Amino acid sequence: MSVLRREGFAERPTGSELIMNLLDAAQEAAAGGDCLKLVKFLRDRYIQFSRERPGSAGLFNVIRHILTHVRDHGCTGVRDYIAGLKESYDKALWSASEVMAKRIVDGEVLMTNSNSLAVRRLFEILVRNKVKFSVYVLESRPGLEGLILADYLDKLGVETYLIVDSAARFFMKNIDKVVVGAEAVAANGAIVSKVGTSLMALVASEARVRFFTIAPTLKISLETVYGELIKLPEGDWRLLMNEETRKSLPEKYVAKAPLYDVTPPNMIDGVATELGLYPPQSIPILVKTIYGSYPPQLTPLEKLFSELLGGG
Amino acid sequence: MEGIPREVLEIADGIRSMRIRGAGKIARSAAEALKIAAEKYEDAREPGVFRKYMARVADLLIETRPTAVSLPNAVMYVMQAVFTPASDFETLRNSVVSAATRFIEESNNAVKRIAEFGSRRIKENSVILTHCHSTAAVSVITEAYKQGKVVKVYSTETRPFYQGRITTRQLIENGVPVVQIPDSAVRYFMHEVDQVVIGADTITSNGAVVNKIGTSQVALVAHEARVRVFVAAETYKFSPMTVIGELVPIEFRDPSEVVPAEWLQVHRNVRVLNPSFDVTPPEYIDAIITEVGVIPPQGAIMILTERLGWAIDKIKQAGLTKLRFEDLVEE
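Going down the list, the sequences are from chains A and B. If you read the first sequence in the numbering used here, its first letter stands for residue 4, the second for the next number, and so on. If you read the second sequence in the numbering used here, its first letter stands for residue 242, the second for the next number, and so on.
Hints listed in this document are in silico derivations from the structure and should not be mistaken for laboratory results. Keep in mind it's a predicted model, so treat the numbers as computed, not measured. A few of these clues could be false.
[What the hints assert, rightly or not] Mimicking DSSO-like on lysine-lysine, the simulated pairs with C-alpha atoms at most 30 Å apart in a straight line are:
hint, chain 1, residue 1, chain 2, residue 2
1, A, Lys259, B, Lys364
2, A, Lys259, B, Lys393
3, B, Lys364, A, Lys255
4, B, Lys555, A, Lys255
[What the hints assert, rightly or not] Computed far set for chain A versus chain B, every beta-carbon distance over 12 Å:
hint, residue
5, Gly77
6, Tyr84
7, Val140
8, Val257
[Unchecked claim] Derived CB-CB ranges, DEER-like:
hint, chain 1, residue 1, chain 2, residue 2, range
9, A, Pro267, B, Lys557, 43 to 53 Å
10, B, Pro522, A, Ile288, 51 to 61 Å
11, A, Asn191, B, Leu488, 27 to 37 Å
12, B, Asp284, A, Thr248, 27 to 37 Å
13, A, Lys40, B, Arg512, 34 to 44 Å
14, A, Ser251, B, Glu365, 13 to 23 Å
15, B, Gln506, A, Lys94, 18 to 28 Å
16, B, Gly416, A, Thr248, 29 to 39 Å
17, B, Gly416, A, Lys94, 40 to 50 Å
18, A, Pro267, B, Thr342, 23 to 33 Å
19, A, Gly313, B, Val507, 26 to 36 Å
20, B, Arg512, A, Cys78, 32 to 42 Å
21, A, Asp47, B, Arg509, 57 to 67 Å
22, B, Gln558, A, Lys133, 50 to 60 Å
Note that beta-carbon positions come from the ideal geometry of N, C-alpha and C, so glycine has one too.
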């Protein structure tokens, strides 16, 4: 794998793994029964995520849920609440993948990119259900996480084709369905996903290939209901190569590598959630189902923090 | 090989062993080889014998690289002179030598002319996106930059071989502000882009452009964003074989260009598919910029019939998918 580092290969936690990790860490922060410590911990993470993964709606929703619980119920039962959140997210992720799995029939050829946990679970369910399928995986620069997914598929025993990101259109005619994960789903049904997803969606739509995303409802970005734009982080050459390769290039060499892009709802045929398969345009209906009203009553995170920390 | 000058054989060998590389260089070397062959011809001073000899040289050259389109085009250009009716040997030989010289000169000037024509199509304050590496495309962009029209260039990395790094390096050397982006980010950046300028490997009779894998996606994304796509290509990139319906073969290259061989050895269920080219349909291309002028992609057939009409007639006549000049010589 050291050769691959030269190409900018890096293991990064997926959006869902980050959510699970955050819940585990929050559990630990709440261990002493000290909720101030928990809230401060969440505030630090909030600042960090706003900088590093501003597009990962699930993380902000988790923080909001815990803060709201502390505000409404104090510290009592917060650890059970966090444990419950984790369990229900894990369940929701399985259910969403189950919903997607029902749409895949024997003999189909799928295409995907990156290394989404939801998509990995979809493949696991299909194998368990003895559905025969094959998968085209894009290597997914920057990061080359497609290789991690290909490794996972290899171990599952699935017929897998690894291709460069540029070859999506070349092979799209062979594909029955494209399935991807999502970092966030916006109120209008647009999704934030690994960069290149919107390109793959456009190529699919040109070839009239169906395009689906698997996203538990925790990934719906509530802020977007109020017009907030989802910020997308960009990196530089460090995401594309190692120091050694950089040295072989001119001093003035500049690179820009976005991590995510936005796929518009008109290119998405369905969003598989734990509540079922929804057209992207019906996200407001989902929000109403879960939060009781549309638009949802939303206290901004900043306000929750200042309420709980007393402006500190 | 008997009777064929040593210099000619050396050039043929250079093309075969890939010592001579790049569509333009291959084409000019082939024309040069034919020129030398004509000049050094020492057999009977009769047009018929001379034609037979030149046909042998032409076939030898074409066989060195069966898939390169510039090579047969250069050879056909010169061979057209070989097959023009001539009563005396000296006139015939002179016209062959001058055809070869003309081809080399035109080819050498082609990139300059393309840069000149292409730069006129670039608007003020343009952000340009390019894919892979093309000398013609880099020349167009550099010329437009010199005219003060280019603000920024996005150059894709172009996996698996990173030819985009060559483009970036050349643009930096020419003083052009350039930012490298991963191939996956083309749609992310397209809303900032005013024009796409790319090269071509082969252009077919219906105006489709065969070029580095990923080109057709770039063109699709540009089309979606209503960004103009210009293809910079010398006329020897147009394929006469496609006029009789031949498909352009697309090479699948070694998987180890994408992932290390060791990775593949431990992943037995994974196959790496590594096509090196894709086909961009004419509807995603706004213009092809050649050294003879700017044409719509649908005008490709005109370039082919005007410039290579003779060769196409011969191909049709002989019903050949592989042209053999020796068969064309009448006894």
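Problem - Range agreement (Cβ of Arg512(B) with Cβ of Lys40(A), hint 34 to 44 Å) - result: violated, 51 Å
Handout entry: Claimed clearance of chain B by Val257(A), with the beta carbon kept past 12 Å
Key = violated, 5 Å
Problem - Hint check for Val507(B) and Gly313(A) - Cβ pair distance inside 26 to 36 Å - result: violated, 56 Å
Practice task
Could you grab the alpha-carbon distance between Lys555(B) and Lys255(A) and see if it respects the 30 Å cut-off?
Solution key: violated, 52 Å
Handout entry: Distance restraint hint 40 to 50 Å, applied to the beta-carbon atoms of Gly416(B) and Lys94(A)
Key = Cβ of Gly416(B) to Cβ of Lys94(A): about 58 Å, so the range 40 to 50 Å is violated.
Practice task
Using the beta carbons of Gln506(B) and Lys94(A), state whether their distance is inside 18 to 28 Å or not.
Solution key: violated, 38 Å
Handout entry: Satisfaction of the hinted span 13 to 23 Å by the C-beta atoms belonging to Ser251(A) and Glu365(B)
Key = violated, 35 Å
Practice task
Sort out whether Lys364(B) lies within 30 Å of Lys259(A), counting only the CA atoms.
Solution key: holds, 24 Å
Problem - Distance restraint evaluation - Gln558(B), Lys133(A), Cβ atoms, bounds 50 to 60 Å - result: holds, 58 Å
Practice task
Please settle this one: Tyr84(A) was flagged as non-interface, so is its CB more than 12 Å from every CB on chain B?
Solution key: holds, 38 Å
Handout entry: Proposed proximity, Lys255(A) with Lys364(B) (alpha carbon, max 30 Å)
Key = holds, 26 Å
Exercise for the section: Take the C-beta atom of Asn191(A) and the C-beta atom of Leu488(B), compute their distance, and say whether it sits inside 27 to 37 Å. Expected result: violated, 43 Å
Of the numbered hints listed earlier, those contradicted by the structure are 4, 7, 8, 10, 11, 12, 13, 14, 15, 16, 17, 18, 19, 20, 21.
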